[in-house]
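K.L.:
Assemble the whole structure, with the sequences as input and the hints as a guide.
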Amino acid sequence: MMKKNHSRSERIFRALLRAFPFDFRWKHGREMEQMFRQRRKEEERQGGAMGTLKLWWETLADIARTAPREHLEILAQDVGFALRLMRKNLGFTAVAVLTLALGIGANTAIFSVVNAVLLRPLPFADEDRLVRLYDLSHREGGEGVRVGHSQRNFFTIREQAQSFESVAAQAYQVLSLTLDEGPGRVVCIGVSESWLETLGVQPIRGRGFSPNEEKAGSDSRVVLVSYGFWQRRLGGDPAPVGRTIVLDGQSHTIIGVMPRGFNYPYGSEMWRPRVFDPTNGRSHMLNAQARLKPGVTRQQAQAELDIISQRLEREYPETNRGYTLLLRATRDSLVDNNQTVILLLLVAVGFVLVIACANVANLLLARSVMRQKEFAVRAALGASRFRQLRQLLTESILLSLVGGALGVLFAHWVVRFLVALLPRRMSDIMDEVHIDTTVLVFSLLVAFAVGALVGLVPAFRVSRFNLQELLKEGGRSGAGSGGHRLLSALVVGEIALALVLLTGAGLMVQNLYRLQNSDLGFSTENLVSMQIAFPEATYADPSARIIFVQQALERVRALPGITGAGVINIFPFTDGNRLAGFALEGQPEDPDRAPMVNHRVVSPGYFGMMKVPLVRGRWFTERDSSNSQPVVLVSESMARRYWPGEDPVGKRVRVVPSEAGAPWLTVVGVVGDVVQPRLGDDIEETWYVPYAQSLEPGTSWTVMEIYLAVRTAIDPAVAVDSVKRAIWQVDKTLPVYDVISGASFYAETISPKRVSTILGVCFSALGLFMAVLGIYGVASYAVSQRTHEIGIRMALGAQPGHILRWILRQGILLVLLGVAIGLAGAVALTRFMSSLLSEVEATDPVTFAGVAFLLAAVALLACYLPARRATKVDPMVALRCE
Amino acid sequence: MRKSQRDPNSLLPLTPAGFHILLALADGEKHGYAVMQEVAKRSQGKVRLGPGTLYGSIKRMLSEGLIEESDERPDPEMDDERRRYYRLTEFGQRVAEAEAERLAGLVDAARAKMLLRHLKPA
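So the sequences go chain by chain: C and G. Using the numbering used here, the letters of the first sequence map in sequence onto residues 1 to 882. Using the numbering used here, the letters of the second sequence map in sequence onto residues 1 to 122.
Hints in this document: simulated from the structure, not taken from any laboratory. Predicted model only: the values in this text are computed from it and were never measured. Take these hints with a grain of salt, some might be off.
Taking lysine-lysine pairs in the DSS-like style, the calculated list, with each CA pair at most 27 angstroms apart, reads [said to hold, decoys possible]:
1. C:Lys27 - G:Lys59
2. C:Lys27 - G:Lys113
3. G:Lys46 - C:Lys54
4. G:Lys30 - C:Lys41
5. G:Lys41 - C:Lys41
6. C:Lys724 - C:Lys611
7. C:Lys88 - C:Lys293
8. C:Lys54 - G:Lys59
9. G:Lys41 - G:Lys59
10. G:Lys59 - C:Lys41
11. C:Lys611 - C:Lys651
12. G:Lys113 - C:Lys54
Here are the simulated distance ranges between beta carbons [claimed, not checked]:
13. G:Ser63 - C:Trp413: 57 to 63 angstroms
14. G:Pro16 - C:Gly51: 46 to 52 angstroms
15. G:Ser63 - C:Val877: 43 to 49 angstroms
16. G:Val47 - C:Leu119: 53 to 59 angstroms
17. C:Glu374 - G:Thr15: 31 to 37 angstroms
18. C:Ala798 - G:Glu69: 25 to 31 angstroms
19. G:Glu69 - C:Ala795: 35 to 41 angstroms
20. C:Ile12 - G:Lys46: 23 to 29 angstroms
21. G:Ser63 - C:Glu374: 17 to 23 angstroms
22. C:Ile204 - G:Pro13: 55 to 61 angstroms
23. G:Pro13 - C:Gly236: 54 to 60 angstroms
Where is the CB? At the ideal position from N, CA and C, for every residue including glycine.
P.N.:
Okay, structure coming up:
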């Protein structure tokens, strides 16, 4: 019994000894056990149970105090040694550290975007219970298009749905903000009752809306402002609450400041109460969200919405037929536009990192072969295998940590570059992208993992070295066939990954190139566009808007250097759209199956200025006014589709469902097709109605935001100020914003694509560069290892050509294998890119072939250089090397 | 050889554990447990060197050249297990002397300041 007890406590003690480093244990473990055993006997003799307890207490405290110290001592030794080694081989260190810095830095940068956009919690309480609500329009067929709610649908859900704790809606509005430097524009969100409660947010300063203010709507004259607005536009005023600002000419009181990072929905700066109309079943303009009751699942809530939507359709067939209700998790609704591209970039940088790792592992492996003697000597001096492994790992992790630190700096720079590339609109979100603790922890972990990974490859090889063999072998060291196989495998992997990266980037470049060079149907040269928003307070009357547009265009056209000006409701370089269902005269009208066209409202002179060709008929003129016959211009594609083989001029069409008897519009001409690049291939057919006629009730919707576009004979950027001044001469309260000119059209409109393409190209270039470096390194190494063999072959009469082919053959084999694997990988992976590619197939054979050729050529060049060097080997020198 | 040329003062002051160990080995070689016992006895049980402290110090003193391993043999007073014995090197001896002198100097200073009234001079 006693004996058993003893052996148990000794076993425990032996287990505790594992806290010490292996070498320490190996050297002193047995003595320590002896000592413990002896003391235990002694204590048992003297103090019994209390003594044993005391002994354990002292022993545990002793181990806890001394074991870390032993580890630290070894670590300090290893780090010191590693640092000396790094200093001694500065070239090696620089290459390894830079390679790792690029790999880790690229990952840190993209991860910081992932962190900000996909991972960071939304600024809402209990976001799991938060859902977005939509009307789902089935009018265009397919799976349906998500649109906003009609106001009546929103109120119906709010009254009838039992699944929700609360339901709230908001509508987007652009207001003019009077500032010292001229009228500015601010995105203000009109919110329904209990909006803040539904989202689960509270102002950080001041208060939310009171029930009375919510009932009064915009008449309450109170606003909440975003943190960014407070900081930027109010200069971080220490007392923002209670300040008044002038919006649309009316003074409003700031009652609170929202938390930092809260810009919901997307880029908002200001919120105020708004009253919605429960009887309006038409325009689908409301964005609504709801908070699920605890325990209610999204599926249950959706099932309830389905019932409500059937009820709505029965009750209001003319407005609700063809619509159902849909619910999605708020997070999904916020990220789905960016998710694919960000995840793809993450995969791309992951590949870059793997290539970087392979390269550094290659370097370390080659170096470990050179250091075989050093390891053998150490082992002979008593360093255990474990101790050697530990030292090698310390070296590689140190390299990787230094690389990681540099990488974080690099990432910081990349993120700034990214933010600068993006249009201002998107930098709101990018403001949130920075290197925070989460990102730093990520980078640290990556650096650690990378260090351990690249260190393990040579470490395991070292630990397999046969000591005696090595010491006997004398000076000549060789990696042996195992080492070569490992090097070759790493190179093949690198080539394959680089090929996948290049293919992805190649597809993106092709896509962007075709996008930029596609014929848009108009000229972008010397073109400037800017947006103008009419405040509802002063421009509720349509004639006020018509008069403003006429006067503004007159003044702008009179400016020197301006060759044309026009106004349109949706400029081709935006992603907005407005569709209209219509009917042809003489054909049955079915509101459910009415064909759709892009609805555009333009001023006279717009087409001439844009250089859109007139195919037949006539342009709009100033005579097409609210008093004259309603007219319409149709695009060529619309003419082709609805009047095939006929002349559409003189035909009549009208909007359906015909609210209050929409008038018939007479087609007066056909114009060329205009491409709106960001809309993709939705609907090509477009009609245009004159601005002066569009504002009549019943004809269409009111147009409160317009684009003014001008063509200049001078530098467009120079013309902008005079154009703005001309507008403000007509009305000095109007906000003019989003000025885009000339070459920056593409930059602004397709910049998310452009940015991801630039990044894709950078990453794949990095991947290619590193892979080629890897191949070059391995080929050079192989040649240097075989100098002796080459010497013998040449001494035996081999021609330089033979040697060259012999070495190249081995390189070609690796390259081809890598290319084959890479092509297979690319075919598998580019499928995930197809949603990003509008202009090119994801399996575009030209891209695949081109990229494979490019990579193979560069890789072969990397093999050729060392091979050629091999042919210069002097047989005598090579043999004397012995 | 090189060790004997080193200045013993470069290692001063020693850690309390280190000096205790040197002291214990001053009158002949001992194994670890015996060192621990002697230290405990001399300090009336106040200083109990735990295994980690003892062998951590031994490891460092070995590498400093203060002590060396003599041989491994059973201790007739204990059991039949083989034990590793340690002894002072010449350098260790000089370091121990230097440390003792340093401490003696401190004690003299304390005495001069009348801090040791209740202790008789040696």
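K.L.:
Looking back at the hints listed earlier, which ones does the structure fail to meet?
P.N.:
2, 7, 12, 13, 14, 18, 19
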